[in-house]
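Build out the structure end to end from the sequences listed, making use of the hints.
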Amino acid sequence: MAEGAPILRIENLTKVFGKLRAVNDVSLDIVDGEFFTIVGPSGSGKTTLLRMLAGLEKPNAGDVLLRGNRVNDVPANKRPTCMVFQSLALFNHRTVGQNIEFALKMRGVSRAARRERCEELMKVVRLPQEFYAKGVTKCSGGERQRVALARALASDPDIMFFDEPLSAIDYQLRKLLEVELKDLHRETGKTFVYITHSLEEAMVMSDRIGIMQAGRLIQIGTPDEIYTKPLNKFVSEFMGEVNTLPVQVGSDGKFDCADLGSQFLGPQTDNGIQSGYLVIRPESMRFLNDPSEADNHVKGSLFNEYAMGSRVQYHVRAGNQMLVIEKLREMAFRGSINDDVMIGWDVKDSVLVSD
Amino acid sequence: MERRGKRWVNSLIVVWTGVVLLFFFIPIAGVIISSFGKSRYFRFPVKTWSFKWYEETINANLTENLHVTSFYVAGCVAVIALVLGFFGALAFARYDWKGRIFYQRLIMLPIFFPQAVLGLALLLWFTYVGVLPSWEAAVFAHLVWIVPIVTLIISIQVYGFDVSQEEAAFDLGANRWQVFREVTMPALAPGLFSGGLFAFLLSWGNFPLSTYTSGADSTVTEWLYTKMSSGYTPMIPTIGAFSVYGSIVILFIGYLLLVMRRRRAEKRA
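Chains A and B, in that order, are what the protein sequence lines are.
Per the numbering used here, the first sequence starts with residue 65, numbered consecutively.
Per the numbering used here, the second sequence starts with residue 2, numbered consecutively.
No lab work stands behind these hints: they were computed from the structure.
Quick caveat, the model's predicted, so the values are computed rather than measured.
Any given hint could be a false lead.
[Said to hold, decoys possible] Residues of chain B clear of chain A, computed beta-carbon distances all greater than 12 Å:
id, residue
1, V84
2, L119
3, W136
4, V164
5, R177
6, V184
7, L198
8, L203
9, T227
10, S248
[Said to hold, decoys possible] Derived DSSO-like pairs: lysine-lysine, alpha-carbon spacing no greater than 27 Å straight-line:
id, chain 1, residue 1, chain 2, residue 2
11, A, K187, A, K254
12, A, K122, A, K142
13, A, K246, A, K293
14, A, K202, A, K142
15, A, K198, A, K239
16, B, K268, A, K202
17, A, K239, A, K122
18, B, K48, A, K198
19, A, K239, A, K187
20, A, K363, A, K318
21, B, K53, A, K83
22, B, K48, A, K187
23, A, K412, A, K363
24, B, K268, B, K53
25, B, K99, A, K122
26, B, K48, B, K228
27, A, K169, B, K268
28, A, K187, A, K169
Every residue, glycine too, gets a C-beta built ideally from N, C-alpha and C.
Pasting the structure below:
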């Protein structure tokens, strides 16, 4: 997906608010038709970046190129892009139909043609036709999402921007809408640029993901690359619970972990990191009967166990570290609290990252 | 047992509400009823009924002069206060600018200033800058007091308005004027309506500011006060009654417009 002509090119984009560099020298190519998600914690500058791409905010430095044309000075209403806002920003004094038809009305499309396009869009976003004359304030959360989507799609934009539209929705509906959004992306073939603070949400939908931290885009990759090769501790912990062991690379190529008072075998370091963190995912950790069963092993005591539906999670205290292990429910470990246990992992399942 | 107790409480509430309403409306009804009396004095109950004082009032062109002056003043005040109050409210509630806190405090001042003193101060000021007391001068005097109130009323609506609606409209291809006409105005319309209504009513009923600044152009309230303090005439209840009739007609027209609009919206849907 990463090859092909970029529909949107961002070059050294910077935005400063007072003393704060909200977006700091960001460069990125977004390919025509891809689903690109920018992930970062709140305050990382992702919304500001998106607003500059949509034309709602002017950059202090750098360029935004749309199909090769510089659009820095083109305001939002003249750009062939459309945004779905975090608050959805539906026109509360209008009906569903009037909301969806807004962009067409502004372009002087006739009433009959507007109505026809609106009915078509309502089918695409799976809104029942009888909602046409319903006031948007009378719609449920999910219905309002669909209205916002249809409204943004109405003018047939080249790129759709999404500013965390699912953040205020309860878990079940969010999961449903994530899938629908990915399907919509497939059906329309448009370029989607999505921002969220949930890497999990990004994984479900995206072709590529960019991680933002303190105004900088620190890692770009496919969901698989981000998952298996996180750039640093920040990215690896963003994914959810992982084990991060602070280590020093010794002269013999082994990893010294002062916290656990032991040495580990680790992956070959070609990135010259001398000290950092060894990242091991909970599902790569396993309980051992004998040290020879895995490349590395640690002794500890079982602190607690947590049933999580299809999986069971165990916390094992070792030294001053709490290690996390996850097993499928049918392969659960039989042990009781405070038992002495031995756990381990293989070199291929660990990654060395910088701080 | 419990149901019976509830019914008892309910009927008590009904009676209480009725008494409160009666207490409010008896004076108004009393004025209207006594406007149909023949007597030279304000008397209740009315002994002999007639339209005599209606005839006299109309023949004296009193309604024409008084009500029309009051209407001009209140109308001008409502329109100007609405425009100033609207932009004032945007500055008050919408935009973050240097000195906004100071402005928010400053705008409260005229509201809490005693109106009689404010009227006198304004008269002195008008004389100093060479503005003769007239109904136009009264408009300005009213504005000093009413614009802050209208600003506050509209501000409440502005606070509740999600600004991203404007950005969404802009993003959907609307130009600045279309954003204002299609999104900002309709969203703030309830606030603008109540702001305008308040401006009109506060000006219509104002006495202390008008009495100092309107000069020879007498408003309804001024005339009523003057007549009551120096030489009662039975035209007073009649003039009062005319005001009530006017309000009823205006309310009725407003109601009709509302019904017609609702019907039209239903037909379209």
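Status of the hints after comparison with the structure:
no., hint, result
1, V84, "holds (21 Å)"
2, L119, "holds (38 Å)"
3, W136, "holds (37 Å)"
4, V164, "violated (9 Å)"
5, R177, "violated (9 Å)"
6, V184, "violated (6 Å)"
7, L198, "holds (19 Å)"
8, L203, "holds (27 Å)"
9, T227, "holds (46 Å)"
10, S248, "holds (28 Å)"
11, A:K187 <-> A:K254, "holds (17 Å)"
12, A:K122 <-> A:K142, "holds (14 Å)"
13, A:K246 <-> A:K293, "holds (24 Å)"
14, A:K202 <-> A:K142, "violated (32 Å)"
15, A:K198 <-> A:K239, "holds (26 Å)"
16, B:K268 <-> A:K202, "holds (20 Å)"
17, A:K239 <-> A:K122, "violated (34 Å)"
18, B:K48 <-> A:K198, "violated (59 Å)"
19, A:K239 <-> A:K187, "holds (20 Å)"
20, A:K363 <-> A:K318, "holds (19 Å)"
21, B:K53 <-> A:K83, "violated (79 Å)"
22, B:K48 <-> A:K187, "violated (74 Å)"
23, A:K412 <-> A:K363, "holds (20 Å)"
24, B:K268 <-> B:K53, "violated (49 Å)"
25, B:K99 <-> A:K122, "holds (22 Å)"
26, B:K48 <-> B:K228, "holds (23 Å)"
27, A:K169 <-> B:K268, "holds (21 Å)"
28, A:K187 <-> A:K169, "holds (20 Å)"
The earlier numbered hints that this structure contradicts are 4, 5, 6, 14, 17, 18, 21, 22, 24.
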